[in-house]
Each structure stands twice: as structure tokens, then as C-alpha cells.
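Trainee: Respectively, the protein sequence lines represent chains D and L. Once you know that position 261 of the first sequence is 261 in our numbering, the rest is easy, because the numbers rise by one and skip nothing. Once you know that position 84 of the second sequence is 84 in our numbering, the rest is easy, because the numbers rise by one and skip nothing.
Read the hints as simulated data drawn from the structure, not as lab findings. We treat Cβ as the ideally placed atom computed from N, Cα and C, and that holds for glycine. Any given hint could be a false lead.
[Stated by the list, open to error] A partial selection of chain L residues facing chain D, derived with a Cβ cut-off under 10 Å:
no., residue
1, R44
2, G128
3, F144
4, A166
5, Q180
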Amino acid sequence: MSSQIVLFDAPGPKARRRHTILTVVGLLLAVGILWVVIRKMAEANQLEGYMWSPFVTDPDVWTQYLLPGLWGTLKAAALSVVFAGIFGILFGMARLSSNRWITVPAGVVVEFFRSVPVLLMMVFFYFGYFATSNLVSADTAPLAAVVLALTLYNGSVIAELVRSGVFGLPKGQSEAGLSIGLTPGQVLRSIQLPQALTAMLPALVGQLVVVLKDSALGYVITYPELLNAAKTLGSAYANTVPAYLVAAVIFIVINYLLTRLAATVERRLKRRGGARRTAVVPGVTETEAGPGLPGTVSSRDV
Amino acid sequence: MGDILSKYDILGAFWVTIQLSVLSAIGALIIGTVVAILRVSPVRILRLIGTSYVNVFRNTPLTLLMVFSILGLSFILGLNLSQDLSRNAYLWAVVVLSVYHAAFVCEALRSGVNTVSTGQAEAARALGLTFAQSMREVLLPQAFRGAIAPLGSTLIALVKNTTVAAVILGTKESAGLLAQITENEGASLPTFFIFALGFVILTLPIGLLFTHLSQRLAVKR
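Take these sequences, add in the hints, and give me the full structure.
Mentor: Structure representation (C-alpha cells):
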């Protein structure tokens, strides 16, 4: 708890007494919140055994609903991440090019897709193209719309990460490359990009959480992901509230583990030290907020 | 193109976006500040409450929270914010957006606190400032400046995320309206660009303002 060390001195006797009081208050607060939640749920008969027992007794709950839903979520997220990575590296490199005819259009594309809400793109692609034309089969139309929208948005974010990663490298790297006779393109490809990609790794894992969460937007265009599965499960077993809560827990556990993984990767990279640094952009140090601010790139979006 | 504009209330949808953004931004700032105070407090159980809040809401999809607020909390648990159905959905959208983004506001504020170096607090104490004085005069001004850039990013994300409210508000919200127009009239790129432009107009000034502020107010080190 570094923040704690910054803000507070070691507690004396008076402060210790105050902390004890606050601990009691905090406990009461936590218990109070829990009690209200439980009472509200009990009032609405949401704590009855028959609401929750299917999750343990009936394998159909998992094999017919939740696991296929989770598979849908993971499939969309995995495809989007791969495509977004390709998109991001291509456009990130394009923005670093020395040719203005390449950097300006690439910049416009990246900034545009970064500022348009993912849901707008998703419904437009789905209702406008995939659902109505024969570009893809009717089954894969929702998946295509979800993946395309997520790819364009997250690809733009990754493009910015690539750019900031390269800018974050010590200048000597590119100077050394140029002085041994490499072309600027070669310097970018074989010296700067490999280092920048390593530095980006934590932010990339963090972006995975964003993709996973945003894949739930597929709910709007009837893509069969986890949230949709929870909805159909809720109506099939008449246990809407438990179904959503279980889906939420699944999301939270996966995303929490991914966040921890990102932190571990970041710590490891830091420990390696030296010239290699993680991609940190001035003004945004331990960023947990979203990208969108010009010139700042962060590891987590909202 | 012209009759699409006259047939559908695009400006009205953006007015809803603006209302949702402003109200939720205020809500998120208030809740987020409280959670941030909990998270940096010297009391373990309060920190735990703050951390749990952030971990739960940051890792749950906003769409899930939106759907759950109406189908779960409102319809089944009977927690209605208003007797009027559409008003109820609108108020729940504001609450959900506030609660969700509060987790990110908290993290932005905390990252601001983390930019203050330990030496500053030690120096303040060495000068004999009391806790309140060192907070007011030395630590919080610096922490706040460090939090400006991430707060700006959170605000921009909030404006864009108001589209998710379409899940419960339907065509009254811009994403819902775009879905309806596209379904009825077929894909029209100009319409899409109008909607996209709307969001660029809403988010660009915020981005410029916060970049300007964070540079002007940056702590010189």
C-alpha cells in the first residue's frame, strides 16, 4: 500500500483509537450492506433453494446454457484480440512512418475508431450489413459484427499503444540502428518494435479485459454470449436473478485473473530493469482509466 | 438522407446522451471520491470495502449491469426509482452508469495519489504541519493534478458508454435509434457518420480541455 505510506504517518495512541472506531464502523457498514441485499432478495423469494439448486443438480444449466455462452464470449474475444493485434501493429507502424501520406490517413482512421462508441459500430454493421446481406451466413452474422466492431476499436487502441511504446524507447536505440546503416523501416521493424511490444505486454493483457467485457455488447444484436445465455437460462428455469449473478461472477473471476496476470507481467518487466521500460505515457502513470485522451495511452479501458 | 433526419429525432437522442453523461459524471465523481477515500484510508476493513467495490464493478460488463438493473432489480426485486416505466429505466441508467464509472474514477484518483512522492509527505511532517495541513497544502493539490489526465479519459469513456443505456432505453438513446434507422431504412453511411460525428463533437472538447489542464497544472519535478 504505497499510497498509505505517502498519506499517513505511523499512528500514535490517539490515531490507533480512531482506527479501532473506524474498523467497527466499517464492519457495521459491510454487514449492513450484506443484510440489506439478503433481506431484499429473501423478500422477493430469490434465496429459495429451488432458485439456486439447478446450478448444482442440473448439468443442463451448464452444458446447455452457461458453458456455450462462455464459449461464445471467449470465441468473440479471442478472434477480436488477434485481429485487433494485427490491425494495431499495422496502423501503429503506419503512424510512425516518415511519409506524411501514410501517417495522416492512419492517424485519422485510428482517432475516428477510438472516439466512436463500440455499440454504435456494432449495431450499424449488424443491422446494416451482416444481417441483411449475404456477406456471411445468418448464423455467423452476429459474431462477425461483434468481432469487426471490437477489432476496429481495440485495434485503434493497440495502435496508440504501439506508437507510445516506440516513443517511450530511449532515443539511442534508433540512433544506433541508423548509424550502423539500417534504413528507418528496418530500425522500426527489427529494433524498436520488438522492444516496444515487450513493453506493451501488460497493457495488452489489460486490453484483453476490455475486449472480454465489451463482447457482452453482443447481447444487443443477439450474439449468443454469456449474458444472453444467462437471460435464456433465467427464463427457462424462472431464476433470472441467480442466473445473472452467476454470469457476473464468471465475468468477474476471469477478468480479475487477467488483471492480476497483467500486474505480474508488469512487475517482471520492471524487475528486468535497464533500458527496457513498460509503456508509460507522461501524465498517465498507473492508468486504470480509458484511452481517449489524445497523447495518453492506458492499460485499461472503461 | 433529408427525410431520415426529419423522420427520426436524432437531436433528441443526443440530448439524452448529454443528460445521461452529465448526471452520471456527477454521480460517478461523488461515489468514486468516497470509494477512493475508503481505498487509501489507514483502516484495513475500509480499504477492503473499497477494493471489493472496484474489483466487482470494474470487472463486470456494463451491459450486464444495465440488463440486471431492469430485469433483475426493478422487475423481480421491485426496486423502482419511479412509477413511470420509462422514467424508471432512465433513472436506473444514470445509477448504473454512475456506479460503474465510480470504480474508474476511484482508480484515477488513487493513481493521482500514487504520483505524490513519499518525500513530500515526509517534508510536510518535518516542517511540523499537522495531518490536515499537510493534506490541504501539500499532498492533495499534487494528487489532484496527477489525477486530471486519467479522470479525463474516464469522462470520455463515460460519454461513449452512455450508448450502452440503449439496452434499457431502446430508441430513445442514440445507439438504439441508429439500430432502428438502419433496420428500417437500410445501411446508410451518412447516417452513421452523423452519429459518429456527434460523439466526436461531444468527446473532442473534453479531451482537449483535459490535456490542456493536465499540461498546465502538471507538477514540476
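Trainee: Give a verdict on every hint.
Mentor: Now for the hints, and whether the structure bears them out:
1. Taken as an interface hint, R44 of chain L checks out: its beta carbon lies about 7 Å from the nearest beta carbon of chain D, inside 10 Å.
2. Given hint, G128 of chain L at the interface with chain D, is violated; its Cβ is 12 Å from that chain's nearest Cβ, farther than 10 Å.
3. Residue-level restraint check for F144 of chain L is violated (minimum Cβ-Cβ distance to chain D is 13 Å; threshold 10 Å).
4. Interface restraint check: A166 of chain L against chain D, minimum CB-CB distance 7 Å, threshold 10 Å, status holds.
5. The beta carbon of Q180 of chain L comes within 8 Å of a beta carbon in chain D, closer than 10 Å, and the hint placing it at the interface holds.
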